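Respectively, the protein sequence lines represent chains A and B. Numbering follows numbering that gives the first Met the number 0, with no gaps: position 168 of the first sequence is 167. Numbering follows numbering that gives the first Met the number 0, with no gaps: position 245 of the second sequence is 244.
A few of these clues could be false.
[As the list claims (entries may be wrong)] Keeping only pairs whose Cα atoms sit at most 30 Å apart, straight-line, the calculated DSS-like set for lysine-lysine is: (1) K36/B - K107/A; (2) K85/A - K187/A; (3) K221/B - K205/A; (4) K205/A - K256/B; (5) K247/B - K205/A; (6) K268/B - K221/B; (7) K30/A - K63/A; (8) K205/A - K268/B; (9) K268/B - K187/A; (10) K187/A - K256/B.
[As the list claims (entries may be wrong)] Examples of chain B residues lying across from chain A (beta carbon under 8 Å, computed): (11) G59; (12) G159; (13) P185; (14) E189; (15) E190; (16) H214; (17) L216; (18) A257; (19) L258; (20) A261; (21) L262; (22) P263.
Think of the hints as simulated: they come from the structure by calculation, not from any bench. Fair warning: this is a prediction, and the values are worked out from it, not measured in the lab. For glycine and all other residues, C-beta sits at the position ideal for the given N, C-alpha and C.
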Amino acid sequence: MAALERLRAGGKRGAHMRIEVRGVSFRYSPKSPLILDGANLSVSAGERVALTGPSGCGKSTLAKLMAGYLKPTAGEVLWDGRPLPKSGYMPVQMISQHPELAVNPRWKMSRILNECWTPSPELLRRMGIESEWLSRWPAELSGGELQRFCIARAIGPGTRVLICDEISAMLDAITQAQIWETLLDISKERGIGLLAITHNTPLAEKVCDRVVAVSAGGVHGI
Amino acid sequence: MNCEKVTGQKTGKTITPVLDVRGLGISFGMYAGGLAKSELTVMRSVMLKAFAGEIHAVVGASGSGKSLLAHAILGILPANARRFGDIFFCGEELTRELQEEYRGRRIALIPQSVGFLDPLMRVGKQVVGTLGTREAQRAAFERYALPSEAERMYPFQLSGGMARRVMVSTALMGRPELIVADEPTPGLSEELAEETMRWFRELADGGASILLITHDLELAMKHADRITVFYAGYTVESAPAADYAAGKSALRHPYTKALIDALPQNGFKPIPGTQPYACQAPGGCPFAERCGLRTGECAEDVGMRELRGGEVRCVHAD
Numbered sequence: 000m001a002a003l004e005r006l007r008a009g010g011k012r013g014a015h016m017r018i019e020v021r022g023v024s025f026r027y028s029p030k031s032p033l034i035l036d037g038a039n040l041s042v043s044a045g046e047r048v049a050l051t052g053p054s055g056c057g058k059s060t061l062a063k064l065m066a067g068y069l070k071p072t073a074g075e076v077l078w079d080g081r082p083l084p085k086s087g088y089m090p091v092q093m094i095s096q097h098p099e100l101a102v103n104p105r106w107k108m109s110r111i112l113n114e115c116w117t118p119s120p121e122l123l124r125r126m127g128i129e130s131e132w133l134s135r136w137p138a139e140l141s142g143g144e145l146q147r148f149c150i151a152r153a154i155g156p157g158t159r160v161l162i163c164d165e166i167s168a169m170l171d172a173i174t175q176a177q178i179w180e181t182l183l184d185i186s187k188e189r190g191i192g193l194l195a196i197t198h199n200t201p202l203a204e205k206v207c208d209r210v211v212a213v214s215a216g217g218v219h220g221i
Numbered sequence: 000m001n002c003e004k005v006t007g008q009k010t011g012k013t014i015t016p017v018l019d020v021r022g023l024g025i026s027f028g029m030y031a032g033g034l035a036k037s038e039l040t041v042m043r044s045v046m047l048k049a050f051a052g053e054i055h056a057v058v059g060a061s062g063s064g065k066s067l068l069a070h071a072i073l074g075i076l077p078a079n080a081r082r083f084g085d086i087f088f089c090g091e092e093l094t095r096e097l098q099e100e101y102r103g104r105r106i107a108l109i110p111q112s113v114g115f116l117d118p119l120m121r122v123g124k125q126v127v128g129t130l131g132t133r134e135a136q137r138a139a140f141e142r143y144a145l146p147s148e149a150e151r152m153y154p155f156q157l158s159g160g161m162a163r164r165v166m167v168s169t170a171l172m173g174r175p176e177l178i179v180a181d182e183p184t185p186g187l188s189e190e191l192a193e194e195t196m197r198w199f200r201e202l203a204d205g206g207a208s209i210l211l212i213t214h215d216l217e218l219a220m221k222h223a224d225r226i227t228v229f230y231a232g233y234t235v236e237s238a239p240a241a242d243y244a245a246g247k248s249a250l251r252h253p254y255t256k257a258l259i260d261a262l263p264q265n266g267f268k269p270i271p272g273t274q275p276y277a278c279q280a281p282g283g284c285p286f287a288e289r290c291g292l293r294t295g296e297c298a299e300d301v302g303m304r305e306l307r308g309g310e311v312r313c314v315h316a317d
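Next up, chain B with everything else stripped away, as it sits in the complex (with noise of 0.2 Å):
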């Protein structure tokens, strides 16, 4: 068992995080025609780490690999996937043993949307699963308002925001530690998308510790108590929201810099040039080819490192 300790964003105290990613990355192995395999890296070095009590969202544009994030955390990839780096979990690592065994009682997925439940199944019974009880069940129900008609309806029978409701309410069954929430706010209203973000922050207050992966920078500023950036597969800047909130100055990466410059409220100015894949983005720093500040050290490998409270990976940052 690693129990290594590391320093609390809001305590200052030593706590062990809750989620400890370490240099993760993830691969597909894929037939290049005939018999001939090939390695498609899609996820290159991601660290991170979430606190109990604490939202941490996860930004990054699509196709940068969040997504794979919470796939990875859950141990969800398909079957031709390739995880390295090390992922802890309280202290240990987590491998694909304790992913089971996790799954739904210390660690928790929302999804996405209703495509994710079981059309044919009522949602009362989804939501209590295997690891859940009625009563549990009802009281999740109560609590987000839910009337009790909801359990003995279909999926295409709820409306957006109470097809919301009830998948936070699966989150409820075990007593979960991690919720990992998977994009939860696109296609809901301002109120309604808001009104999802407190129950996170009540479920964070409850100790537990929310991932909240998201397109979406402006809610993360909002919403978030730390902000990691994704990009091309990498994580390139992990810093308190308020940093964000607080505008570029404040901020370390020259891509994190570029995304506040780009939100309507801000300059609404756009950098040009587009993320590289990340099965072919270039050695070295993977913005590189963006960069203003770009010089031959930035074709090296860079890696993350602790600037003003925060981490990032460029080795032009002050």
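In isolation and in its complexed conformation, chain A is listed as follows (with noise of 0.2 Å):
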């Protein structure tokens, strides 16, 4: 399966299905400043590394562009060596910072779970979803709740490399102890890659194996 998939990227030796921001600069429109001025940075499926840098620097705008939410101005993302791909399933997900804004507030949570797959019933007593929120409006549930469904949704058999924006800085550390601890495991038993982007630097050396520090002014450390 793995190697198909590598034949279908091209077949080169080494490409192993890693995402790629070679160059990269991004401004919002065209008169505003640069937000990232040719910025660098890989991750590939296995591996975990997390980003900080404060407010401001770039690093949820470069999330954006990783997942394919923006395009940049200059230079490029890559998968596997090619562009990101344009239709079917994105490999590359992203979990946000803030999942009251990242779901349908007119879905009911059973429609929102199963927008892009299906979770089985296992991987939602894993996350700690119970079966009774799957009726219930997202203005019915907290931030913790809501933020296991986001997860739940973004990590279908597809997801290669997941990108989490602070997706934890609103949560109790019980709770974000919980949900991290799912989240590491099922990404070690799938071999999907995390970019964790956090200020919290106990918890980037807790789930990470890379951290990389980015200072004020842009990417251009990476």
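Reconstruct the complex from the two isolated chains, following the hints.
Shown next, in the form of structure tokens:
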């Protein structure tokens, strides 16, 4: 299966399911200043990388570029050496800091959960999602409860790299540890790559094998 | 006028707490279908004392009732809310009339986000409000290093850091003895969060009592003098911040110990289960379901009791 995908990705030796940011610059509009200026970063499936740095340095913008929500002004974002796929399941999935903004407030939780794939009851149990929550509206759940849905939704079988943008900053310590324990177990089982954006240094050291610190004024350092 | 004396944590002298919350509970009246009404209890029993010159942190998971406490103190709960238990402010029972009189003068709120500002009014005018003066506003802006042109800006023109300074400035229009800060740091960089906490320390050193409401136990451990932990609408432990920093052996309640163990710099080990909704909390200890020490006694009502310089709501704590 992995060999087949490698073949599809161009059959290059060493191309092993990797998201690569190459010399990426980005500005939100032609008049606004560059948020990113020549950023370079790569995350392979199975690797766990933390991205830390002061606010406003472009971490979240980089996350959106890597997940295909934004297009770079210059430079390229490559998946296995090719541009990000434009159709089909996106192998790079992103989980945001604000779960309440990442769900459709007019959909019930069961519809939100099954938006891109159907998680097994076993996965729901591991994520701590109670079956009773499925019939509720997003407004009837807490941030921690919603975030569990957003994670379950993003870890479909086609997910190879998961970008976690401050996914536990709004949670209490126990819920934070619960969510990361499950996420780490699943990513290790399935060889999913993780890019964790966080302000929390102990957290970065605990969940990742490599920490990339970004200095103010853009991700030149990456 | 009820002026009961209690012992202050810092001095050991008998002083009156600025805020003394005794058995506070809150329920909402709801229509349960047709004209039938039901009561939804969202806070069960909150006990805490906050003193002048101290930062008192209120820590808990979302849904534990900590923001409701802020709203109950300021008297800004929704109309269908019913409050039981007592709140004393500087020894006086805080009635609805007194809340209206003191709000903005002796009791101030620093709101959570820029969303609490009027988007169509220049921020200088908003900070002056109905109680402040232009001079006081300018002095506050200068104190927090806001440029003079900031007063003519609208909220959407402010950066996150400027918005935070503007909101702290609003609290300086009166001479508040109690400042309630509701989740002041999420979304701020570490440096800005540190700076915000330094401002709170200055205000506390000036004699105010700061009630810091946060979900972030690490922030509280670093900056508060005393921490009260909420769980499912109850206070479960109240103790000096040093006890939390010392680790779980210095703490009292099994939930607080589990919270400390779950920090990334400690074990990063979560306990299973989730906090019950306050409205569904069974009688007795709200944490019993997830607790290793649970016995038959836990099904009965458990009150807060004093233990080793703190207070705990657990029959097994020793």
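Open item on the list: Hint check: K36/B vs K107/A, CA-CA at most 30 Å. Holds or violated?
Closed with: Satisfied, since the Cα-Cα distance of roughly 26 Å is no more than 30 Å.
Worksheet item: Between K85/A and K187/A, is the straight-line Cα distance small enough, at 30 Å or below?
Response: 27 Å, holds
For the restraint on E190/B, tell me whether the closest CB of chain A is nearer than 8 Å.
OK, holds: E190/B within 8 Å of chain A, min 7 Å.
Next on the checklist: So if I understand the rule, the pair passes when the alpha-carbon distance is 30 Å or less; does K268/B with K187/A pass?
Outcome noted: At roughly 18 Å apart (the allowed maximum being 30 Å), K187/A and K268/B satisfy the hint.
Agreement of hint L216/B with chain A interface, Cβ distance less than 8 Å:
Holds, about 6 Å.
H214/B as an interface hint toward chain A, with CB separation required under 8 Å:
5 Å, holds
Let me know if the C-beta of P263/B comes in closer than 8 Å to any C-beta of chain A, holds or violated. Check passed: Cβ of P263/B comes within 4 Å of chain A, closer than 8 Å.
**Q.** chain A contact restraint for P185/B - C-beta distance below 8 Å
**A.** 6 Å, holds
### Task
Please work out if K221/B and K205/A have their alpha carbons no farther apart than 30 Å.
20 Å, holds
Q) Holds or violated: are the alpha carbons of K268/B and K221/B at most 30 Å from each other? A) Holds: K268/B and K221/B sit about 21 Å apart, inside 30 Å.
Chain A contact restraint on L258/B - CB to CB distance below 8 Å: For L258/B, the interface hint holds, since the closest Cβ of chain A sits about 5 Å away, which is under 8 Å.
Next on the checklist: Between the alpha carbons of K30/A and K63/A, is the straight-line distance 30 Å or under?
Outcome noted: 20 Å, holds
In the structure shown, no violation is registered for any of the earlier numbered hints.
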